[in-house]
Amino acid sequence: MKRSARALSLLSISAVILAGCWDYRELNELSLAMAMGVDKTDAGGYRVAMQVVNPKEAAGRNVAGSGVPVVVFTGTGQTMFEAIRNVTLKGSRRINLQHLRDLVIGEELARGGVKELFDLLERDHESRLTTRVYIAKGSDSEQVLKILTPLDQIPANAILGKIKLSERVLGENYEVDLASAIHGIYRKNGGFAISGLKIMGDADIGENRSNLQQTDSLTKITVAGMALFHNGKLTGWLYGKDARGLSWTNNKLKSTVVNLECAGNPGNIAIETYHSKTKKKARIRNGKPMIEIDIRQTGKVGEADCPVDLTKSAEIRKLEKLWEKVTKLEVEKAIEKVQHMGSDALEFGETVQRDEPKLWKKIEDKWSMIFPEVQVVVRAETSILRTGMRTKPSMSSK
Amino acid sequence: MLQLDIGDALDYVKQSFGGSPDVIVRILQLGSHPGVRMAVVHIDGLTDKGKINEFVAQSLLLAPSEEELRSMDNQGGVLEVVLKRTSTVGDAKACGDWNFIMHALLSGDIVILLDGSGEAIVADLRKFEGRAVAEPTTEVTVRGPKDSFIESIDANIALVRRRLKSVNLWLETFAIGRISKTDVAILYIHGVADNLLVQEVRNRLTDIKIEAIQGSGNIEELIRDQTFTPFPTVFNTERPDMAVANLLEGRVAVIVDGTPFILIAPTNFSQFFKTTEDYYQRFDFGFFMRIIRYFSFFVTLLLPSSYIALTTFHHEMIPTVLVINLLAQREGIPFPAFFEAMLMEAAFEIMREAGVRMPRAVGQAVSIVGAIVLGSAAVEAGVVTAMMVIIVSLTGIASFATPGIALSNAVRMIRFPMMLLASTFGFYGLMMGMIFLVAHMTSLKSFGVPYLYPFSPYDPWRQKDTIWRSPLKTARTRPDLTMKQGTARGDSERERHET
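Quick note, the sequences are listed as chains A and B, same order.
If you read the first sequence in the working numbering, its first letter stands for residue -11, the second for the next number, and so on.
If you read the second sequence in the working numbering, its first letter stands for residue 1031, the second for the next number, and so on.
Treat the hints with caution; some may be incorrect.
Computed far set for chain A versus chain B, every beta-carbon distance over 10 Å [stated by the list, open to error]: (1) 13; (2) 33; (3) 44; (4) 79; (5) 170; (6) 265; (7) 306; (8) 361; (9) 381.
Covered stretches of chain A, as calculated for chain B (at least 3 residues, CB under 8 Å) [as the list claims (entries may be wrong)]: (10) 82 to 95; (11) 310 to 323.
In case anyone wonders, no lab produced these hints; they're calculated from the structure.
Ideal placement from N, C-alpha and C gives every residue a C-beta, glycine not left out.
Please work from the sequences and hints to get the whole structure.
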């Protein structure tokens, strides 16, 4: 008894001392990748770019102007894995993907298909499924990663901030993380939408620190449109109001501004949406699927540039009706466009599968043909709850 | 029987003490013709000198009356007369056993040897030059009594008795130590403390075989259940109000002469997080303070090791902005995180030890050098990261927030193996360490009471005064130390007394 206890304690002590620390990595042996870009090479392989933090510059306490907060390393390979290993060679430290914020895919690669791309990111234990995915519109992803951004030291954070802001205040884009991207892209005959990033200005200038040394940066990154995918391939882009219609349909809209015309008067009334919820339902009509979309939203009057008496509830009801109409039209137009492009980014297929599984079994294989023809009914229900800090528009006081 | 001849008896005393000059002998004569020779023996410094003079003048030097002279002629009459006279000063008795007489002499009694009697009279005129009752130094409260135990066992017992005017406060004394014969007393409330428990304490005290007791810490080490554990299984306090509160909960107090810290048994883990202040402040604030203490216990135990685990294994668990900040701090730091932490923790422990041991006059120098050198200079020199200094200082401060110093000492030690585990296995190792620790603590017992009670074994009805401190109105039952039915607070003691 005593002997076995002694042996056990000896074993446990040696377990501590003798164990190699296989996962042990000091912080200063790492380089933290904040964003990763993937492009196609001419040879048919991948070129991976990593935006890596330069900690001394990025930590924020340093005197500005001495260096750059991030460094971009690139590497090529026949597979993603090989390419990433080759990236590591360019730097002196092991690249760590645990804090990866953004994954940017070049448009050319996206048009050719991205299905093969995600296996590694799902398989690797370091990468996270919460990483956001973007498409670099009209450029290589590598160029996007190289642009330095003002205010946010690390461009990867700036990109994330922009997409979040856009989702929250305008609704023309929404965040898509790796998990939902993978889910959408591997769906048979399915479609998918990913936000786009666009370089405004000269990409080469954006790489320099000088880009930050003026009030209006010469080169900027903006979020621009939503890229639509069909069967893992990019088929087209949606912009502005159409992109907002997509957000509405997919229940991604959080807050936005809708301008309403003032009946009989010049000027507009801006409505701020507080809260919006969309429900999609599939029904069968004449043996064919039909989609019903119900939008419920509440908001307030954000701006009134024409004489309208907001103290009267009848006026408010009128505005609500108008808002309903505008919403409905916008969504219908967006749906029509998406159907025309043939990408089921509206998740109609999933809706049918969920609500009418038997029908789905029959039409699953022909969904690409059926989708553009699907009949859609949009209903909107709106209510204006507040009129802001004043009731009468300043115009009407004259 | 003593030597009949007083000269022989005195020679024996002197011989026994090796002629030590602090053994004072005065030779007196009672009555004139022929009279009886007497010797008053005491040890200088242990007895009240003024009282001796008064006593000798008033009771021994007076000429015997007719009646006394008559009885002095009888067999043993002298002893009777002197004993009668001596009784005026208080506790006096006749004794014919040298062992007892020597012990009395050493305890500060005076001994009166009578020529031709064969017995001596032992009278209590003890006075020990001791400290006055002062403010507690280790268990300070903002609001509450400001007295604390002192070195004298009699004064300490009196401090408790003053607060518990009950005949059921029972006291038993022992002399422990083959040479030192230290007075040790156990105090308990009869009818509240479990008889078996009192018997167990008694047994453990009488089983002690040692030469001398220097402090209550010796006794603690000799009576505790397990020797090889960092956790204290006997509680100690220098506050009389804490002692009283514990007696009322059915515990037994062990008071050791010469130490202002009394022992209390049994104890459990949660007791080290309580202070009497919890009950002097509002109950909700008492609860708040306890939460802070438990929290700081875990900070002391786990903060440095968690930091090591996070920065060397689990980078993904640190928020991105913080990890960039830490990356920047670690640029150019020559040591691995584990070594860095060890370095700083060791520096802190050295400062702390130095702070306790050094003479008070040089105290300031150490704190200044410690704060400047180890705080800012180490960071500026790029030897350690600023974050590590924050972690180590927070750990250090948190270790002071545990009221039971004995427990906080245990945690201070345990955090080092925890750091080693964290640096080899990350959080996996930390979890292994915690599991081992909890398993060990569950196996501990203090005088038969499980150490983690009432957390483990979990008792939902005994949670009123553990982390949560209930209002006093709802504290109707005593904590059940033997895990049988708890006795009611309130009238039970009186009822027991009256029946």
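Hint-by-hint comparison with the structure:
A cut-off of 10 Å between C-beta atoms contradicts the statement that residue 13 (chain A) is not in contact with chain B; the least separation is 6 Å. At roughly 28 Å from the closest C-beta of chain B, the C-beta of residue 33 (chain A) stays outside 10 Å, upholding its exclusion from the interface. Its closest Cβ contact with chain B, about 5 Å, brings residue 44 (chain A) to no more than 10 Å, contrary to its assignment away from the interface. With 10 Å as the threshold on Cβ separation, the claim that residue 79 (chain A) sits away from chain B holds: the shortest Cβ distance comes to roughly 14 Å.
Separation of residue 170 (chain A) from chain B is adequate, the least Cβ-Cβ distance of about 19 Å exceeding the 10 Å criterion. Every Cβ of chain B is farther than 10 Å from the Cβ of residue 265 (chain A); the closest lies at roughly 31 Å, confirming the non-interface assignment. With a cut of 10 Å on Cβ distances, residue 306 (chain A) stays outside the contact zone with chain B, its closest approach being about 48 Å. Its beta-carbon lying about 46 Å from the closest one in chain B, residue 361 (chain A) satisfies the requirement of being farther than 10 Å from that chain.
Here residue 381 (chain A) stays apart from chain B, with its beta-carbon at least about 43 Å from theirs, past the 10 Å limit. A count of 4 residues in the stretch 82 to 95 of chain A with a Cβ less than 8 Å from any Cβ of chain B is obtained; the coverage claim is therefore met, three being the minimum. Counting residues of the stretch 310 to 323 of chain A whose beta carbon lies closer than 8 Å to any beta carbon of chain B gives 0, which falls below the threshold of three, so the coverage claim is violated.
In terms of the numbered hints stated before, the structure departs from hints 1, 3, 11, listed from lowest to highest.
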